[in-house]
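> One-letter residues, chain by chain:
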Amino acid sequence: MVESVSKRYGRTLAVADLSFGVAKGEVLGFLGPNGAGKTTTMRVITGFMPPSEGRVLVGGLDIAESPLEVRRRIGYLPENPPLYPEMEVAAFLEFAARLRGVPKTGIRPAVERAIERCALGEAREHIIGKLSRGFRQRVGLAQALVHEPELLVLDEPTAGLDPKQIHETRKLIRTLAGERTVVLSTHILPEVAVTCDRVVIIAGGRLRAEDTPERLVARLGAAERGSGTWEIETAPPADAAEAALRAIPGVARVEAGPETAERTLVLQVEAAGDRTIATALARALLEAGCPLYGLRRGGASLEDVFLALTTEETEANGTGDVTDASGVPEEDA
Amino acid sequence: MRNALTIARREIGAALASPVAYVLFGAFAFLYGYFFADYLQSFVEAGMRMSQMGGFSGGTLNVNTDLLRWLMASTAILALFLLPLLSMRTVSEEIRSGTMELLLTAPITDGQIVIGKFLAAFALYAGMLALTGLHVGVLFWFSRPEIAPVLAAYLGLLLLGAGLLALGLFFSSLTRNQIVAGLLTFGALLVLWLVEFAGARGGEPGRLLAYLSVTGHMEGFARGVITTRDLVFYLSFAAFWLYLARESVRSRRWRG
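Chains as they are written, first to last, in the numbering used here: chain X, 6 to 338; chain H, 742 to 997.
If you are wondering where the hints come from, they were derived from the structure by calculation, not from laboratory data. Here the structure is a predicted model, which means the values were calculated and not measured. Accuracy of the hints is not assured; some may be wrong.
[What the hints assert, rightly or not] Okay, derived cross-link-like pairs now, SDA-like style, lysine to any residue, Cα gap no bigger than 25 Å in a straight line:
(1) X:Lys135 with H:Leu757
(2) X:Lys135 with X:Pro90
(3) X:Lys29 with H:Glu988
(4) X:Lys135 with H:Pro848
(5) X:Lys169 with X:Asn39
(6) X:Lys176 with X:Lys109
(7) X:Lys109 with X:Asn85
(8) X:Lys135 with X:Pro72
(9) X:Lys176 with X:Pro72
(10) X:Lys135 with H:Arg917
(11) X:Lys29 with X:Lys169
(12) X:Lys135 with H:Thr850
(13) X:Lys135 with H:Ala867
(14) X:Lys169 with X:Arg211
(15) X:Lys109 with X:Lys135
(16) X:Lys109 with H:Val764
(17) X:Lys135 with H:Ser759
(18) X:Lys109 with H:Ala762
(19) X:Lys176 with H:Arg837
(20) X:Lys135 with H:Val764
(21) X:Lys109 with H:Arg917
(22) X:Lys169 with X:Leu181
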């Protein structure tokens with residue numbers, strides 16, 4: 006539960022009057038472009054830094070009033086996993102458990118659970134400094150959940166991983182949901198759709214939207230009713246196809262993508278009217294002597310929602326006096 | 742306390758896993774060994790000269806006052822030069838590697854972090870001093886020095902080290918660069934050492950400067966004399982810098 010939190014760095018406003026809540030057992034995606042204030046917000050939630058204004062409640066406890074009790078209930082994975090390179094994996098997790106106040110007799114089982122859950126069995130005796138990026142990220146995740154926290158805060162948990170590792174990490178996060186609450190930040194859009202129950206979009210330190218991924222998409226789709234985007238696969242050259250499509254009444258925009266290796270060209274077409282325009286598109290293309298490999302309607306994706314919301318913001322900021330936080334360094338500790 | 746010990750244990754483990762501690766121990770053992778051999782040589786020569794004169798000089802030589810005292814005073818100077826190397830990485834390294842974020846979001850207080858780091862550095866220093874037990878033991882093997890002044894001198898060295906390490910810890914908490922931390926510490930200690938000479942000029946300011954000298958308070962201990970004045974100086978000196986270190990760690994939260 007975050008209540009009208011603001012955070013300033015000197016005179017720069019990094020987070021402005023941000024409020025949102027997370028229900029127990031939910032996975033909340035925290036989405037925003039780089040420099041939007043994601044890391045800052047997470048640092049406030051985890052008690053790393055106090056907010057300039059507002060307050061944060063975790064399980065009904067105010068983090069400013071009982072910081073230690075709240076921190077005990079939180080597991081945090083910062084953007085760069087905080088690991089001691091000279092330690093062995095199991096020894097490090099033992100240290101993390103001890104640090105988080107796991108009682109003496111519970112340390113061993115807690116470490117075993119974390120190792121099993123993050124599939125670290127084969128690496129348990131390895132020196133952290135010699136592990137691959139993917140393993141390090143898993144150790145980071147293991148240290149965040151070794152003490153069975155109620156709230157898990159993950160800052161860009163899949164950054165720097167290869168596709169297979171990303172898939173595994175997302176799966177792991179999904180399995181964690183339900184028993185505990187997860188807040189994760191990301192600037193990768195598909196991640197939100199795959200892993201999160203709800204999305205909070207921020208840009209420039211301000212809340213832009215808060216809803217389920219599906220409903221956000223639906224909302225944007227409704228706003229754009231009466232027009233649609235179409236994806237057409239044809240062969241180069243682009244000029245002939247573009248000219249033919251532009252001639253159709255109702256076509257507002259034609260954009261050619263890069264030519265691929267198999268001599269395929271993808272055109273993005275924005276056209277007014279309902280689906281019947283597809284026939285017109287196809288006919289125009291064939292009559293111009295261009296091949297037609299594919300024709301697909303592109304619905305509004307989360308990406309569109311994201312772009313719409315964050316572009317809106319820059320336009321608003323252009324005239325207003327709102328301080329843009331994009332200059333705030335996110336990583337400097 | 743348990744939290745501080747958790748931090749301290751990891752810290753000692755890290756130090757023993759890196760070459761830094763061993764290089765430092767080696768350097769200390771070598772330099773101390775040199776001092777020991779040198780002082781012992783002079784002591785033996787003086788003893789031989791005295792016996793040649795057949796007691797006409799009327800003086801006597803004493804292992805406590807003519808050998809151990811100078812040895813202990815020199816150890817203090819060694820500590821002055823070597824301890825910045827021990828304290829410089831304590832907090833800086835955590836800031837640089839990002840593990841500070843782990844400590845600052847753990848359910849422990851800023852004070853416990855500082856105390857844990859301090860205890861670890863102090864334990865390593867005590868281990869370093871333990872090496873000298875070998876040399877001093879040799880003296881006890883071949884002669885009969887008084888034990889009490891020796892123990893007093895060790896107490897003084899421990900207190901001095903506590904002060905120096907606390908100061909180093911503070912400077913280490915200021916920067917993510919451990920070299921900068923080490924240089925700052927060294928510079929500060931140099932100033933606190935040189936005030937002893939400035940203080941020798943006398944007068945009211947001179948007395949104040951002499952009081953601030955970190956090594957000056959070691960002289961009494963080296964002679965085997967424990968005074969409240971020296972005890973209070975070292976304890977408050979350490980407490981002062983530990984307090985500043987805690988405040989510095991706390992301010993890191995605000996600055997992000």
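> Each hint should be assessed against the structure and marked as holding or not.
Hints, verified against the model:
For the hint pairing X:Lys135 with H:Leu757, the CA-to-CA distance comes to about 18 Å; that is within 25 Å, so the pair holds. With a C-alpha separation of about 8 Å, the suggested pairing of X:Lys135 with X:Pro90 holds against the 25 Å cut-off. The hinted pair formed by X:Lys29 and H:Glu988 fails the criterion: a straight-line CA distance of about 36 Å is larger than 25 Å. Of the supplied pair hints, the one linking X:Lys135 and H:Pro848 is violated, its CA atoms being roughly 29 Å apart against a limit of 25 Å.
Restraint check for X:Lys169 and X:Asn39: the C-alpha separation of about 24 Å stays at or below 25 Å, so the hint holds. Annotation: proposed proximity of X:Lys176 to X:Lys109 is violated, straight-line Cα distance about 31 Å (limit 25 Å). Taking the CA atoms of X:Lys109 and X:Asn85, the gap is near 28 Å; set against the 25 Å cutoff, the hint is violated. Using a Cα cut-off of 25 Å, the hinted pair X:Lys135 and X:Pro72 is violated, with the two alpha carbons roughly 34 Å apart.
At most 25 Å may separate the alpha-carbon atoms for a hinted pair to count; X:Lys176 and X:Pro72 exceed this at roughly 31 Å. Between X:Lys135 and H:Arg917 the alpha-carbon distance is near 23 Å, which keeps this suggested pair within the 25 Å criterion. As the CA atoms of X:Lys29 and X:Lys169 are separated by approximately 29 Å, the hinted pair breaks the 25 Å bound. Distance check on the hinted pair: X:Lys135 and H:Thr850 sit about 31 Å apart at the alpha-carbon level, beyond 25 Å; violated.
A hinted pair counts as satisfied when its Cα atoms are at most 25 Å apart, and X:Lys135 with H:Ala867 does not qualify at roughly 32 Å. Distance hint between X:Lys169 and X:Arg211 is unfulfilled; the C-alpha atoms sit about 33 Å from each other, more than 25 Å. About 29 Å separates the Cα atoms of X:Lys109 and X:Lys135, which puts this hinted pair outside 25 Å; it is violated. The hinted pair formed by X:Lys109 and H:Val764 fails the criterion: a straight-line CA distance of about 35 Å is larger than 25 Å.
With a CA separation close to 15 Å, the supplied pair X:Lys135 and H:Ser759 stays within the 25 Å bound. For the hint pairing X:Lys109 with H:Ala762, the CA-to-CA distance comes to about 29 Å; that exceeds 25 Å, so the pair is violated. Restraint check: the Cα-Cα separation between X:Lys176 and H:Arg837 comes to about 31 Å, which exceeds 25 Å; the hinted pair is violated. For the given pair, X:Lys135 sits about 23 Å from H:Val764 by alpha-carbon distance, which is consistent with the 25 Å threshold.
A hinted pair counts as satisfied when its Cα atoms are at most 25 Å apart, and X:Lys109 with H:Arg917 does not qualify at roughly 33 Å. A hinted pair counts as satisfied when its Cα atoms are at most 25 Å apart, and X:Lys169 with X:Leu181 qualifies at roughly 19 Å.
When each numbered hint is compared with the structure, violations occur for hints 3, 4, 6, 7, 8, 9, 11, 12, 13, 14, 15, 16, 18, 19 and 21.
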